Amino acid sequence: MAQAVAIRRLKSEYANLLKNKEPGLFVKPLETNFLHAHFILYGSIFYDTPYEGGVYHGVLKFPSNYPMKPPTVILRTPSGRFEQDKKICFSMSDFHPELWNPMWNIRSILVGLVSFMNSEEITTGGVRATDAHRIMCAKSSLKFCIEKDTLAMELFREELQNLLEQRCQGSEWPPERPKEEEVEKPQMEEKTRRRRIRDRLKDKEEQEKTNEIKEEEQQSNEGSGKNAARNKKKREKEKRKKFANKFFATLEDQVPTFLQRIESHLLKQSLDVSSFYADHVCWRTESMEEYLEIVNALKNSVDNCALLIESEVGGRSIANFKLKKPIVYNSRLVSVIEIPAPKEGRNYKSGLEHVEYVIGNAPSPVNSEVHKDQLQKFMENYTQIRWNTKADDKEINPDVSTKIEIEDFGECSVKFHLVALEEVIEFELRQELEN
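Going by the UniProt record's numbering, the sequence shown opens with residue 1, and the numbers climb by one from there.
Because the hints were derived from the structure by calculation, they are not lab data.
Remember, it's a predicted structure, so these values are computed and weren't measured experimentally.
One or more of the hints may lead you astray.
EDC-like mimics (lysine to aspartate or glutamate), calculated; alpha carbons at most 20 Å apart, straight line [to be verified]:
(1) K322 to E428
(2) K143 to E98
(3) K268 to E428
(4) K28 to E13
(5) K324 to D303
(6) K325 to D48
(7) K139 to D94
(8) K299 to E176
(9) K21 to E172
(10) K242 to E293
(11) K394 to E428
Quick list of the computed label-pair ranges, beta carbon to beta carbon [to be verified]:
(12) T150 to K343: 28 to 38 Å
(13) K343 to L267: 24 to 34 Å
(14) Q269 to W104: 22 to 32 Å
(15) K139 to K324: 21 to 31 Å
(16) P23 to E120: 17 to 27 Å
Glycine residues also receive a C-beta, built at the ideal position from the N, C-alpha and C atoms.
Input sequences plus hints: build the corresponding full structure.
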């Protein structure tokens, strides 16, 4: 009796999903077992994440007393987020029947799974991985579904073949997004547009003045002793927060332009880097005071970024942070920012200084014949570039580089290596623990 209720409910849900299709979400039951709902996830639900461009096949295994109890959730495609073919523990799976709501359905479960996939919470079935590794999994996911997942091809042949045909037309990653239909915007008179801009600016100025007055009043009303010390700390914290937010806004504004100009410059020299993963950009500081101000502000901005490592390299401090909201450039993501202190005796201009691209694969960041061969072949393919090879003999993650001059940023460096910076940091931290 209970199973009959479950099957009736699932048939209704399958029909609803077919009628009201969700972009990038396809669900089909096994003909031999309606309690097993197979799905593929792709497209806009993964935009601006390391999974963009990926195609992921999984299964929901419903109990006979569904919807009173939750399903088992499994992802069959390697993702870098969950163990392949293992049960996933999250609030809407059978690991947590106490949290289950019978009003939830297949659509809400899969939306919840995508949300959990984009988090870093580690539970049973979850794994830690770098963005670079997850991007690599996303790149190979469609091929995996077609060539190694018989069930995926049996159930979703048409969808997978359509995706394959679309991908064959271009080699960039992530794949070009489908163009959205443009909605004609209502015309606005120039006079009206200018008035609205003036009004917004006026409102903003008035708000800033009000905030300044409030701050002055607050400071004048502060007492002495513990309260004064507490209020001082609070003001310093607020100051760091404002500084960090301003720095993040600057990165969001400048990094896309920085990368666009670098890539355009290299393309003129017949070096197309659009398919390579930009694993980090470097923000150079012109003084120790600036370095400390930025690094301390970012260390306290835990909602926006996380410190990967701060260490001494070549006699100066270098801090690396991972942004929780990656910077988007042409559907690509940059999530790691390197901030070095200035070298003693050198005069630097503050700002973006270099970008590093991952051009291949290596089993380890330790320098080996794999690194030497791939870097050498890369340079041989682009003999028109003036290469700097002084770092190709580094013990860890050797690279080759070139310097270019670009508008607004001056002389910049572009480096190429085989292992993403985040993976190198993880490797070095493991080595420290082992030793």
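| message | Check the hint pairing K242 with E293 against an upper bound of 20 Å on the C-alpha distance. | response | OK: K242 and E293 at ~12 Å, within 20 Å.
| query | Does 21 to 31 Å hold as the CB distance between K139 and K324, or does it fail? | reply | Holds, since K139 and K324 (Cβ atoms, about 23 Å apart) stay within the stated range.
| message | Between the alpha carbons of K299 and E176, is the straight-line distance 20 Å or under? | response | Between K299 and E176 the Cα gap is close to 35 Å, so the pair fails against 20 Å, i.e. violated.
| query | CB of T150 to CB of K343, is that within 28 to 38 Å? | reply | violated, 57 Å
| Do Q269 and W104 keep their Cβ atoms within the hinted range of 22 to 32 Å? | violated, 54 Å
| field | Straight-line alpha-carbon gap K394 to E428, limit 20 Å | value | Status holds; Cα separation ~14 Å.
| said: Hint check: K21 vs E172, CA-CA at most 20 Å. Holds or violated? | reply: The hint is violated at about 28 Å.
| Should the hint that K343 and L267 are 24 to 34 Å apart at their CB atoms be regarded as holding? | holds, 31 Å
| query | Quick one, are K324 and D303 close enough, alpha carbons at most 20 Å? | reply | Within the cut-off at roughly 7 Å; holds.
| said: Would the hint linking K268 and E428 be met if the CA-CA limit is 20 Å? | reply: Violated: K268 and E428 sit about 37 Å apart, past 20 Å.
| message | Assuming the hint says 17 to 27 Å, is it satisfied by the Cβ distance from P23 to E120 or not? | response | Holds: the Cβ-Cβ distance is about 25 Å, inside 17 to 27 Å.
| query | Regarding the pair K325 and D48, is the alpha-carbon distance no greater than 20 Å? | reply | The hint holds at about 9 Å.
Going through the hint list in order, the structure does not satisfy hints 2, 3, 7, 8, 9, 12, 14.
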